Amino acid sequence: MSIDSPDKTHFGYQQVPREEKVRRVGDVFDSVSNSYDVMNDLMSLGIHRLWKRQTIELSGVRRGHTVLDLAGGTGDLSARFSPLVGDEGQVILADINASMLTCGRDRLLDEGVAGNIDYVQVNAEKLSFPDNTFDCITMAFGLRNVTDQAAALASMYRVLKPGGRLLVLEFSKVQNPLLGKLYDIYSFSCLPVMGKLVAGDSDSYRYLAESIRMHPDQETLKKMMTDVGFINADYLNFNAGVTALHRGYKA
Amino acid sequence: MNADLENMLVAGFETAFNAWMSADPDALMRLNPLVGRIINMYVRDMDLTLTLVPTDSGMHVLRAYQDKPDTQISATLATFFTLASKPSRRKTLLASGQLRIRGNLLVAARFSRWLAGHQADWEALLAGLIGDIAAHAVHGRSSQWSEWVGTTIKALEQDLVEYLQEESRQLPVDWEVEDWLSKVDTLRHDADRLQARMKRLLSRVELS
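Chains W and D are the protein sequences, given in the same order. Numbering (numbering that gives the first Met the number 0) for the first sequence: 0 to 250. Numbering (numbering that gives the first Met the number 0) for the second sequence: 0 to 207.
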């Protein structure tokens with residue numbers, strides 16, 4: 000759970016100046032971008048694909064929709080949205096990190112996913128899109144890296160069309176205490192070792208484990224969403240709360 | 000069914016479907032006219048809806064799609080298997096109501112043709128895993144084996160029919176059935192004619 004002051008915020012378990020978090024999160028993703036997909040599969044044993052499938056299922060995206068895949072990274076969600084919205088629709092793959100965005104663009108082009116996808120480097124706290132632009136916004140495993148999460152949620156609310164929906168897929172608080180202990184051991188012992196072996200970077204994966212613990216739990220995030228104006232906000236726990244999918248609508 | 004389990008099964012189905020597709024080198028190219036279309040498959044006996052989204056790189060499979068699909072194909076699981084293995088039976092299945100199609104019929108017909116045109120090159124697929132020479136040997140053996148199994152099943156079928164019809168006389172032979180059906184038809188016509196004549200006679204009696 001985050002306890003931020005006006006000048007400082009958390010970077011994992013450390014308190015750092017706000018500007019420094021942006022830079023350090025950028026360094027983390029510059030470092031892991033090339034091995035991001037492999038590490039995701041390895042760390043979650045491929046289960047992240049099921050979580051993302053569920054996100055697509057609950058997005059309600061259909062032909063002609065305009066979708067913003069925020070913190071879209073290597074484009075897992077965009078690749079699935081693109082055929083759903085068709086030629087009449089548009090998908091925008093957005094990320095604050097240029098390395099991740101480049102990886103995503105190259106991957107999607109290699110897979111032949113093109114035509115209705117645009118790529119934008121953007122800060123989630125200050126989205127540079129007109130009001131009421133998108134039918135759906137998704138953010139998978141990105142919100143916990145944002146410095147000012149309330150500002151990001153407010154910005155997403157602004158660019159959503161009335162009736163549009165936001166889906167936030169993020170690591171969350173494990174609901175089963177025993178599973179929580181095992182998850183802690185896995186996160187703090189295994190993840191850094193895996194990171195060292197596969198991506199050659201254990202610090203980034205230690206940050207991953209710490210940032211998950213500092214991220215708001217299910218109820219807190221739901222309240223943050225309703226505070227900025229989202230209605231009918233709810234969430235769905237996956238794997239006993241290892242991840243949660245939050246959903247809210249713009250009135 | 001539990002939503003997580005269903006999600007996992009659908010993901011498994013998508014992986015298996017794309018693996019099956021990749022066995023035919025031309026499958027993706029032939030899929031091209033269907034890209035951008037949404038095909039809904041409703042498995043009646045399982046009350047399961049699957050949405051197929053053809054793409055340039057394969058087939059995406061979803062459980063739900065919150066809009067009208069281009070076409071909906073509805074059948075039981077067994078009928079879907081029959082359709083996939085014997086596409087020539089499509090018209091019979093449609094006529095009997097076992098297979099129902101709603102929406103854009105052209106998309107359904109294209110999808111059906113795409114399924115029917117699937118020709119797996121298992122040897123090429125295997126060669127990628129175990130090498131050309133081994134794959135050729137394995138494929139040759141398996142082809143011989145499947146040919147032998149096919150011939151054996153056909154011979155067994157013929158022997159069984161011959162035994163039941165000619166030796167044990169438990170089943171009639173074709174000409175006996177046709178002869179019997181022809182006699183039934185003659186009898187029915189005679190009965191119809193008699194009924195018509197009786198009606199005419201009765202009407203004359205009533206008039207007089």
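These are computed hints drawn from the structure, not numbers from a lab. All values reported here derive from a predicted model rather than from experimental measurement. Misleading hints may appear alongside valid ones.
Derived coverage of chain D by chain W (criterion: at least 3 residues anywhere in the stretch with Cβ under 8 Å from a Cβ of chain W; other residues may be distant) [claimed, not checked]:
id	stretch
1	31–44
2	64–71
3	96–103
4	188–198
The calculated label-pair distances, taken between Cβ atoms and stated as ranges, are [to be verified]:
id	chain 1	residue 1	chain 2	residue 2	range
5	W	E110	D	K85	31 to 39 Å
6	W	D130	D	S87	50 to 58 Å
7	W	G25	D	P32	39 to 47 Å
Cβ atoms here follow ideal geometry from the backbone N, Cα and C, with glycine treated the same way.
We went through each hint and held it up to the structure:
1. 31–44: holds (count 3)
2. 64–71: This one holds; 3 residues, not fewer than the three required, reach chain W with a Cβ under 8 Å.
3. 96–103: violated (count 0)
4. 188–198: Violated, because only 0 residues of the stretch 188–198 of chain D bring their Cβ atoms closer than 8 Å to Cβ atoms of chain W.
5. W/E110 <-> D/K85: 31 to 39 Å: Once the Cβ atoms are compared, 34 Å apart, the range 31 to 39 Å for D/K85 and W/E110 holds.
6. W/D130 <-> D/S87: 50 to 58 Å: holds, 57 Å
7. W/G25 <-> D/P32: 39 to 47 Å: Holds - the Cβ-Cβ distance for W/G25 and D/P32, about 44 Å, lies within 39 to 47 Å.
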